[in-house]
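*Asks:* Using the sequences provided together with the hints, build the complete structure.
In order, the protein sequence lines correspond to chains A and B.
Residue 32 is where the first sequence starts when you use our numbering, and the numbers rise one by one after that.
Residue 472 is where the second sequence starts when you use our numbering, and the numbers rise one by one after that.
Simulated from the structure, these hints should not be mistaken for lab results.
Every clue listed holds true.
Stretch by stretch, here's where chain A covers chain B in the computed footprint (C-beta under 8 Å, at least three residues):
| id | segment |
| --- | --- |
| 1 | 496-509 |
| 2 | 564-570 |
From the derived model, a few chain A residues whose C-beta atoms are all more than 12 Å from chain B:
| id | residue |
| --- | --- |
| 3 | 43 |
| 4 | 108 |
| 5 | 143 |
Beta carbons are placed, not taken as given, at the ideal position from N, Cα and C, and that holds for glycine.
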Amino acid sequence: DTEVTQTPKHLVMGMTNKKSLKCEQHMGHRAMYWYKQKAKKPPELMFVYSYEKLSINESVPSRFSPECPNSSLLNLHLHALQPEDSALYLCASSQDEGYEQYFGPGTRLTVT
Amino acid sequence: RKEVEQDPGPFNVPEGATVAFNCTYSNSASQSFFWYRQDCRKEPKLLMSVYSSGNEDGRFTAQLNRASQYISLLIRDSKLSDSATYLCVVTYDYKLSFGAGTTVTVRA
Numbered sequence: 032d033t034e035v036t037q038t039p040k041h042l043v044m045g046m047t048n049k050k051s052l053k054c055e056q057h058m059g060h061r062a063m064y065w066y067k068q069k070a071k072k073p074p075e076l077m078f079v080y081s082y083e084k085l086s087i088n089e090s091v092p093s094r095f096s097p098e099c100p101n102s103s104l105l106n107l108h109l110h111a112l113q114p115e116d117s118a119l120y121l122c123a124s125s126q127d128e129g130y131e132q133y134f135g136p137g138t139r140l141t142v143t
Numbered sequence: 472r473k474e475v476e477q478d479p480g481p482f483n484v485p486e487g488a489t490v491a492f493n494c495t496y497s498n499s500a501s502q503s504f505f506w507y508r509q510d511c512r513k514e515p516k517l518l519m520s521v522y523s524s525g526n527e528d529g530r531f532t533a534q535l536n537r538a539s540q541y542i543s544l545l546i547r548d549s550k551l552s553d554s555a556t557y558l559c560v561v562t563y564d565y566k567l568s569f570g571a572g573t574t575v576t577v578r579a
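*Replies:* Structure follows, in structure tokens:
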């Protein structure tokens with residue numbers, strides 16, 4: 032089973048709201064990732080967690096805050112977002128860093 | 472220079488045709504190579520890994536040319552369902568770099 036799940040599928044939030052995106056995998060993968068994807072562009076890496084520790088932060092603004100509660104779960108906490116943060120947010124996991132990644136269906140975020 | 476470059480297309484081909492396209496990468500020390508496909512408003516899905524010896528999966532054939540620093544994907548006997556954007560992915564130092572994608576449209 033190569034399934035990564037994400038909730039919610041869609042999210043509309045105002046610039047003063049606080050919300051969280053959730054990602055789960057049960058493949059025993061040790062690396063998990065957050066990506067942001069704008070229309071007609073490739074995914075852009077935001078964060079990498081390896082063995083539940085933050086491994087890479089691609090200079091993401093602090094209004095995005097990742098959390099890895101355990102090896103199966105990855106959250107992305109959102110606060111005071113801007114309209115330009117509207118995008119598809121993708122979670123992915125892999126056996127270890129550098130291996131092929133499996134993506135979840137994404138959360139389509141709209142910031143109003 | 473971008474790390475990974477792809478011809479954006481679109482490649483418009485009739486059903487049953489063969490279509491092929493390449494992806495070039497700039498870092499000669501790149502370690503792993505993959506092709507993903509992405510349908511409109513969906514997540515990328517792993518199509519195949521690309522090995523040094525080349526590999527085939529049904530109608531899809533991937534090749535790696537380290538000397539010239541490119542990988543290729545060939546689709547034989549195209550189906551309507553092959554219409555998608557194909558993303559080339561290259562890894563170095565455990566980090567994936569994505570190409571911008573090649574759009575393929577198969578018409579009836």
